[in-house]
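A.B. asks: Each chain sits in its own coordinate frame; assemble them with the hints.
Chains as they are written, first to last, in our numbering: chain A, 66 to 325; chain V, 3 to 315.
Just so you know, not all the hints are guaranteed correct.
[As the list claims (entries may be wrong)] Derived list of chain V stretches under chain A, where covered just means 3 residues or more per stretch with a C-beta under 8 Å from a C-beta of chain A: (1) 167-174; (2) 190-204.
[Said to hold, decoys possible] DMTMM-like cross-link-like pairs, simulated, lysine to aspartate or glutamate; straight-line CA separation at most 20 Å: (3) A:LYS214 to V:ASP189; (4) A:LYS143 to V:GLU190; (5) A:LYS262 to A:GLU244; (6) A:LYS143 to V:ASP189; (7) A:LYS283 to A:GLU304; (8) A:LYS214 to V:ASP299; (9) A:LYS214 to A:ASP203.
Read the hints as simulated data drawn from the structure, not as lab findings.
In this text, a Cβ means the ideal position worked out from N, Cα and C, and glycines have one as well.
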Amino acid sequence: MSGLLSLRNIGKAFGGLSALAEISFDVEPGEIVGIIGPNGAGKTTLFNVVTAIFPPTAGEVVFDGERISGLPPHAITKRGITRTFQNIRLFSTMTVEENVMVGRHCRTGAGVWRGVLRTRGERREEQGIRGRTRELLDLVGLSGTDRDKPAGSLPYGHQRRLEIARALAAEPRLLLLDEPVAGMNDAETQEVFRLVKRVQSLGVTILLIEHDMALVMKACDRVVVFNFGRKIAEGPPAEIRDDPQVIEAYLGAGEGEPDA
Amino acid sequence: MEWLNPYHLQVASFVLINAILGVSIYVTLSTGQLSLGNAGFMSIGAYTTALLSTQHQLPIPVGILAGSLLAGTAGILVGIPSLRLSGVYLAIATLGFGEVLRAVLINWESLTGGAVGIPAIPQMGRVILVWARDRGFTPESLGLQSNQFISLTVFLILLLGTILTVAFFLRLSRSRVGRAYAAIRLDESAAAAAGIPITYYKVLAFSQGALLSGFAGALFAHTTSFVSPGDFTYHRAVEILVFAVFGGSEHIFGPVFGAAFLTVVPEALRSISEYRYILYGILLVLMMVFRPQGVIDPALLRRFRRSGKGAPA
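Next comes chain V alone, as it looks inside the complex (with noise of 0.2 Å):
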């Protein structure tokens, strides 16, 4: 059990957390409207379950469950006077509330500790291993020590979180829900025309955004066991564009395959990442130029799928 490094697990923990932020900004940009506020609903989520957690003790899944509702409603707040936005506006407008939601986090110091965060939060890993010992189950007889236990507890309840999210919003893609996202997004006054209302289902993409970007905040804060403000800057919001941009924004893989790319490689490449702002530069006008659709969209994987059934078995 050597090859279970619960290095290489972290970094695939984060992968599906970042899997999670890319599919919740295609949601919204699947109706159209480009929502740069997910880090500060990512907040949300985490403090949420963060304080829920450590001053009340509640159970984690009714933390993630609260902090991820909270996420949502929030969403629902913004999205409707947001509606009066789009494009480029949309974007800074929710910018701004991500960013005044971070100074609200830094200042509002008796509730949530101020620039330094909430350390102490319970991690997953460690909550289920406890609860096994208590019932006679040691890692051992699995032949794994306490850490890589912990570590593959929190990966697999995280790839259970990722896979269920993207099932739910890929069928949800191809139902009428989706259909009537896509004709928004595609041409919003002959969607109205042909009878969506439109302004329900802004609404409700941003809101569906905005609560997946909760529920990835509430996994990381109880991956990390510690939140902060300086985890949902402006940087993040970027970060979380970047998955959507690289992977692609018109078929739900492409930013699942954005945030996995573009978390490993700067892993991979640890000596140069503190040169990571430049290289997401670098490589956002590339994709402008050679390939502005993303690397993956619909046209590629109908060829990775003629090709599958085409290849003698």
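Same shape as in the complex, but just chain A (with noise of 0.2 Å):
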């Protein structure tokens, strides 16, 4: 079996620490899948070697056929992953709206010349990045009057929303969330759900790193659990909830917030 993405065996080792042992498992397209786990135990190290931050020490990420392993960054971008940062990772000085034409950078060419000499084709391909920035700014629900402000200035939840906006800049075929809804109300959570499902309703494949477990189940067609580096569970949302081993290993048996 292959999917959109497929890790295999993937190990990530720091020094003499191991921080990912023997990952595997599948992201078929159009699904949403659910990554969790106690802290500490590899969800983001993952994301980190998926988008080669650093390279893994064992193993091999394969997306759509290909081995993507080993490329830089920017090229799996390229190739259509891209993420957003458990700790927010927006470029503060910039405008809101500039910071999505940033994520436009892959789907556009103009170089040093054509920008120096702002030729046609330079000025339509900047009133492309602006006008998909908009329908961008539209799909996560930034209005209009923030758009100008620097995005450092912008309160929590909404830089969030930004950085999926930024993300998706770049026409990502798998997005990979981190903690989106992290430091949310309710409310605000509720939105990042709807958000989530009309992104996976555009056809972007999602893996999602989350704590809220409400979120999880009610977002995720299937969940990969882990714990210490380790993949200890797979499985549809309801399964996953009333695996024995989940409840021991990560839930912690009744002893309350498995994040506290």
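C.D. replies: The structure is reproduced here in structure tokens:
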């Protein structure tokens, strides 16, 4: 079986410390797959391996039938995988609009001379970038008045949605969301849930790291559970919820909030 | 035409050369790379055109072009290994490059004339005056003395070069490439994740800065008609850095303003110009404390623009 994204025996060690070991699973086109697990289980490390922030020490990442581990980060973005970060990483002094425009980089081509001479093709391309940017900001629900503000001045929840817009600007086929509702209230969480479903309906496959179990159960088609850098379970949300191994490892057998 | 004083024109010419140098460090900084090698790249441009025009009698524009391109190429060669370094380590490595280059200029006497340097480089203004005289033109017909004409011509050529340089990089900063530069400066990992090839743009910006330094150096050679290794010391590298730190490095007008201010003020206060470096030191400390982003920053420019629009006509 080989899906859109196929992880084959991924291992990642920092020095002697193993952060990921023998991680294998597939993501099928159109799915929303949740990754859950206690803090330090290796979820974000997996995202960093897939997006080549650092290379895996074992195994390979296959995307759309081709091995992508070993490619530089921008090449992976160009092939169609983009991400958001757990600790939001916007270009904080750029405007909201410019942040999304940067995301268009790999789908556009004007170089130094076309940019300086403002050729007709370059102006048309810039217009296209601005148009697409406005559409994406509409999609994530950032209103017109916010768009010329520095990204760093937006409220927290808006920054998270802006990061999603920037990631979508590169026209990904697979979007990696790292805790998109962390620190949000219920209403904001609902908005992000609807946004994630909207993005799925546009044909984007989503891999989602999230601690909010209600959201994971509701949004995901399938859930993968990590603990201590290993995959301990995989299946539909309902099954995962009742898996005794998951309950013991992750839910802590009634010891309260998993990520407390 | 008494007011057209060759001395003032010469100061103005140095303002323009320094403005180009200020832009050269700004371009590299706009991707978050601090280069102190720009005095070295400047010397490549200056010596290349000096040698081509004195020993091979090539026309000045050819020398300037060759000097700039050679400096830009050197920028690529230095920029690629420098990718492994950042921040203060890159600054030290590039400073080392400049000093090594200067040692080469001093010791390769057969080519560079050693510590004495290269004299009698064709001066742009004089060459144009001779060219014009051959065609029956005299500066007197404009009411100018010869030396006024020469200084004025040099000034106008430098002004054109500076305007083109600033316009080029102002436009670049508002294009797709400029956004990529800014993204890399603000957050390299996020920029890479957004699809920007970091290596390519860092080397590009580094070599653009080197090319501009070489351009400024070549113009310098044909303005003063004399170059020596003493023109491209560590002090020059720091001076260029101070243009950006004082003027501001977040907008292209910052280093241009810094270059203008820091060239004119020491001239105006000639009596204390001996103490220039002390003044620089104090200035840097004060800037760090009170205005770390430099005099000119985007917020200040926005305020100017707004008050310009708001004011009644």
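A.B. asks: Okay, which hints does this one fail, numbers in order?
C.D. replies: Hint check: nothing fails, all pass.
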